[in-house]
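These two chains come separately, so use the hints to put the complex back together.
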Amino acid sequence: MVRDVLIVDDHRGFRREAKRLMEQIGFRVVGDAGTGSEAIDKVRQLNPDVVLLDIQLPDLDGFAVATALASLPEPPAVLLVSTRDAVDYGSRLSNCSAVGFIAKAELTADSLLALLGSR
Amino acid sequence: MIALRRSIQVAVPALVVLVCVSDLLSPSQQSVPLWLYALNYIVPGAAFAIAGLVAWSLRPANHMGLLMMAVGVGLLIGAAGILTPVSPLARTISEFLRLRVGHPSDYLFLALGPLWAVVILHLLLAFPSGRLGARLSRGLVAALYVFVPLISLIGLSVPFEVGLGSWLQIGYTTVRSVVYQTCFAVGFVLIMKRWVQGGRARRRSLSPVLWSLAPLSVAFLTPTLEGVLQQVIGVPDAGPLVDSTNAVALASPLFLIVLPIGFLVGLLRSGLDMTSVASLVVRLSSGLLPEQLQPALAKALHDPSLEVAYWVPALESFADLNGRRVELPGPDSERAASILDGAASPVAALVYDSSLRHEPQLVETAAAAVRMALENAGLQAQLKAQLEEVRQSRARLVEAGQRERQQVERDLHDGAQQQLVALLLALQATRAEAAQYGDKRTAAMLGANIAALKQALVELRELARGIHPSILTEAGLVAAIQSLGERCPIPVQLDAEYSDRLPSHLEATLYFVTAEAITNAVKHSGGGRIQISLRRRSGIVALDVCDDGKGGADLAAGTGLRGLSDRVAAVGGQLTVKSHHAGGTTIHSEIPCA
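Those protein sequences? They're chains A and B, same order as listed. Here the first sequence stands for residues 1 to 119, numbered as in this note's numbering. Here the second sequence stands for residues 120 to 713, numbered as in this note's numbering.
I should point out that these hints are in silico values taken from the structure, not numbers from a laboratory. Honestly, I wouldn't trust all of these hints.
What the hints assert, rightly or not - In silico SDA-like cross-links for lysine to any residue, where the CA-CA straight-line distance does not exceed 20 Å:
{"hint": "1", "chain 1": "A", "residue 1": "Lys-19", "chain 2": "B", "residue 2": "Gln-538"}
{"hint": "2", "chain 1": "A", "residue 1": "Lys-19", "chain 2": "B", "residue 2": "Ala-553"}
{"hint": "3", "chain 1": "B", "residue 1": "Lys-573", "chain 2": "A", "residue 2": "Ser-111"}
As the list claims (entries may be wrong) - Far from chain B, by Cβ distances over 10 Å, these chain A residues were calculated:
{"hint": "4", "residue": "Val-2"}
{"hint": "5", "residue": "His-11"}
{"hint": "6", "residue": "Gln-24"}
{"hint": "7", "residue": "Val-30"}
{"hint": "8", "residue": "Gly-31"}
{"hint": "9", "residue": "Asn-47"}
{"hint": "10", "residue": "Thr-67"}
{"hint": "11", "residue": "Ala-68"}
{"hint": "12", "residue": "Pro-73"}
{"hint": "13", "residue": "Ala-77"}
{"hint": "14", "residue": "Gly-117"}
The C-beta atom is built at its ideal place from N, Cα and C for all residues, glycine as well.
Here chain B stands alone, though its shape is the one from the complex (with noise of 0.2 Å):
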């Protein structure tokens, strides 16, 4: 298959340069007259044939080009036949082709010649699939096929010299004429109505080859050019072809010099519509907004009364983006849809203007597109809900061990602590007395067991503190940063905008994200001072930690830092460290407060 592709790549365009090349050749003046009646061949003919071969390139499943091709090399041919005269090559070409069926000058070619304008017929009807749709039109192509070389070779084959000759090939004639313009005016109509009826995409393509089809009628209203050039320039007998009662004689061949070029427009316009279609895919796969969704598929179906209408499992009919239900057009109706269906229920409807049932293949493209972009705006609103879920269900988990532990240290506080400080009165208490009795043994054991358990109430409180600090729930974030940077060894200053509550969760978050940074910075950094600032705006609290010290911080490196990072994600914020080697190191984070 790809090697008679080849082939005929090859061949239509050397049987072109040949048959021009062929004009070149001829050997005397007196071929000047017949060059320029070939010309009115060669030039259509060549039109038709490098159209034809580009549009095959094209668009190769397309039968449009190979069609056009086809007139190409008819008229080509037909060219040969004109040039056979004076020019040796276009000579060799005639006999290469020729066939005696009986009559002297018969040929093959001469009964098959006039086809090309049968193909002619073939390529409006077919345009811009390659296909015959309607029966009418499959009927009257079929018939044409049969009847025009019948009529030629019956034009060719009958001595009319003789007998009643003259008025035999009056009747004839008269006859193939009536007979060659209906089908080309029942062509016309059938093309026309699949202009009327069709839409806006059909349309498109269908426009330039009617407007190319416009020369042609102007030869039906004038003379042909054959006459005219008979008359002008004094075309010798040319024979046979030079018939003006001919198919061919119909309209001049170079009336038809615009129809391949309409030809060619009209099928690259169709098939920019399906690249229209493509680019609404691209689009899609890369998310569009429900609202963008309908413009996007009007402009690449041309049609701008499309909607797109979704199914709504509630009301058990289509909607619009904006609730209103949308009653599907019934069979007989000027509007048509197509519904999209999904796994258990239909999942929208594209209804659209009628003239797109002429396009079904555009309307699946897109349907199928916009199916995929549905179906993946589902699965992604189902991730996003997932994630949502996730994130909620993380929010939760930090509030729930937030609580515990504030719980925990409200328990050592009432619990075991209050315990312990009152048996730490009650010893102190009994070595006040034992001393007061004199017994310094006593009050010596005594006091230091008082001091192992001060020991162990500080460890206690240091626990206690480490677990949830106290402060950070009946004071607030700035003073529990404030209670951290009095503890620090090294200088602190807090820089605070705001003083109001945030929910208990985000406070705890960013205070042990505080106490966290300023542990590191007195254990690493080697710095002398420390700066805090923390700002609320939009919604959003930020929190900075920044150092003096030698900087080499690293938010992949430990496991520190990761916790935090990971702490302040939980409450949807997000940390980063910013750590230049001797430059500091600033700890910022940012959550979202509503």
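Here chain A stands alone, though its shape is the one from the complex (with noise of 0.2 Å):
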């Protein structure tokens, strides 16, 4: 089953060859946002399965668009991402509820199925 991912990133480059590397690895991209309140808006709009969210937003961070789509009746499966390190972050993400982290620079489809497993 094709699953469907939110690319959630205030960068439109990294947004373009995000969603190619997603489809690449058989995710459908059911949308975009460049920041967090649109993000969250997405999510309860298209329902996807994965929200691939970038840490760095200009309104709320990653963190918090995360705890906010937990809250949700249904909460897609969050995989954070960050042009910087995990150590950058420490236990902020080890205490937030997404199902992993990669680094913008590891971001490759063999990362992405290790965390979010096979197609």
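See below:
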């Protein structure tokens, strides 16, 4: 079953490449968002299975958005991404409801599949 | 001048000793009554001479000592005159001093001898400065200096034995007594007036003198000792000196014995007032708080009512420390004031009891000291303000630098890093397509480029983290230090007693101190463990980074620790290093935080 994914990042270039990568590994990109609040609205609206969520957003940060999404009746699986390393976030990552974190430089088909499971 | 002073310092004690010893050289028992009579002069004479010498040695610029010595010498010469018939030494002295002026028994010193009484009056009126102040005092003393020798000479020269002699003698002695007593009574009134009008400082120095005059008052009310001595021990005819109506006989010199002590004590007390002002100067120079200035000044000037008023430009008036206006007293008030002028406007004013007007030197000295202290306080306040401005300026620079670093890190993150990440993803996608279409060579080339780009991204991330760690901004100091510990190659244990956020520039300072200390421990200590503690108490955040390495770190030796110390000092804190050989190193930082 093809899973729906929402890409959330304030950088258009990243959203474009991430869409291509997600589609390459068999996900269907149902939409994207450039801010945290837009992401929450679109999740409610599109009900994706997976949210590829950047931590650094212009309004809310990724942790706050993940917390908000976790409170939804059917919360999506949230995969946090960032140009920074996991060490730059420390225990906030482990305390977060997201299924995992991938540094953007490490974002590959294999790393995505390792966290999100097979297509 | 010094030679003269030394001569007097030698001559006066020599005269005292000489006159005293002369009695011991008296050849017969006949001298005993005369000796007792002479003691009447010798004891107070010696006391005046010695006290005068002491006073002159202590206060060379003050004439009191010289005047006291003059009294002493006058009395001792009188004693020599009395002992002339029985003591060869006294006879020698008398013969050395005598000068015939027409009468067989005349001696100039007999005419000048009674002058010691005038000198005592001079002393009383000139005390404690040694200078006669009021015109009446100067006139009285000058008149007596002329009148006393003159009337003595008349008494010695007029042949009372012939003709109207007895009547003339009665008239002469009566007039002389009245003039003497009137002059001394006026002198006494002038002294009492000075005591009554004087302030506490003046009274402190006058009191010993007035008390020492008490025996003299007794002498006024009782028969003179001379008379008593004549009757009890039968003093033989001792010549004109034993004239009960003589000025000398107004009060027996023996009653004056405590007077030189009174003068000396009074003079020293007067000096002590200057000493207390000098102590005030010392206290002021060591820095008195404004609220301590008034009590210190009141104590130094012996005026509990003294007030220090400060010029308030906004009010264009003087005010006390509580901001209450202080009106300066008018010329006829019972209070007086001294204004301490500054460069452009008054600085302060001293308001005190008007009796201190009689102590202008004391007040002027104290006022000068206060002016100096206030100017110093002003300079210190200015310096403190400048230092505070420098401190604030340095803190602002640190904050501004911190903001700029944060901005650079954010720009790197939002700009170059994002672009490179997008490029990386694009290259990865292209490589995947090349591989899919069997273009292995292109895929391999792209793979090499992707690896290089990833390495560049890692380095860029490290650079950005070094400029400003994002975790510090987003999660705070404790999380940032934990992150440092996680990346450290040796175990780091963090003991943090608080998790509140601090101002960002303080967090950044403590973070970079921790990062540098961890780096040093890893590079140089050779230790196997790092312990970090972070505490916040009483407005102070204390950070300790300890390792168990070989020690030997020195704050003064390297630029790294020095730079950390400067960084901590820039936010008002202090960094210390404890490092013992083989005993590990502890870098302790304390930073004030509101």
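We went through each hint and held it up to the structure:
Restraint check for Lys-19(A) and Gln-538(B): satisfied, since their Cα atoms lie roughly 16 Å apart, inside the 20 Å limit. Between the alpha carbons of Lys-19(A) and Ala-553(B) the distance comes to roughly 18 Å, so the proposed pair stays at or under 20 Å and holds. Straight-line distance between C-alpha atoms of Lys-573(B) and Ser-111(A) comes to about 15 Å, which keeps the hinted pair within the 20 Å bound. With 10 Å as the threshold on Cβ separation, the claim that Val-2(A) sits away from chain B holds: the shortest Cβ distance comes to roughly 19 Å.
The non-interface label for His-11(A) is inconsistent with chain B: the shortest C-beta to C-beta separation is roughly 5 Å, within 10 Å. Look at Gln-24(A): its CB is around 6 Å from the nearest CB on chain B, not clear of 10 Å, so calling it non-interface is violated. Every beta carbon of chain B lies more than 10 Å from that of Val-30(A), the smallest distance being close to 19 Å; the non-interface claim holds. Distance check on Gly-31(A): its Cβ is at least 19 Å (rounded) from any Cβ of chain B, clearing the 10 Å threshold; non-interface status holds.
Listed as outside the interface, Asn-47(A) is consistent with that label: its C-beta sits roughly 26 Å from the nearest C-beta of chain B, beyond the 10 Å cut-off. Every CB of chain B lies more than 10 Å from the CB of Thr-67(A), the least distance being 15 Å, so the non-interface label holds. Under the 10 Å C-beta cut-off, the non-interface status given to Ala-68(A) relative to chain B holds; the minimum distance is some 17 Å. With a cut of 10 Å on Cβ distances, Pro-73(A) stays outside the contact zone with chain B, its closest approach being about 29 Å.
Under the 10 Å C-beta cut-off, the non-interface status given to Ala-77(A) relative to chain B holds; the minimum distance is some 21 Å. No beta-carbon of chain B is positioned within 10 Å of the beta-carbon of Gly-117(A); the least distance is around 20 Å.
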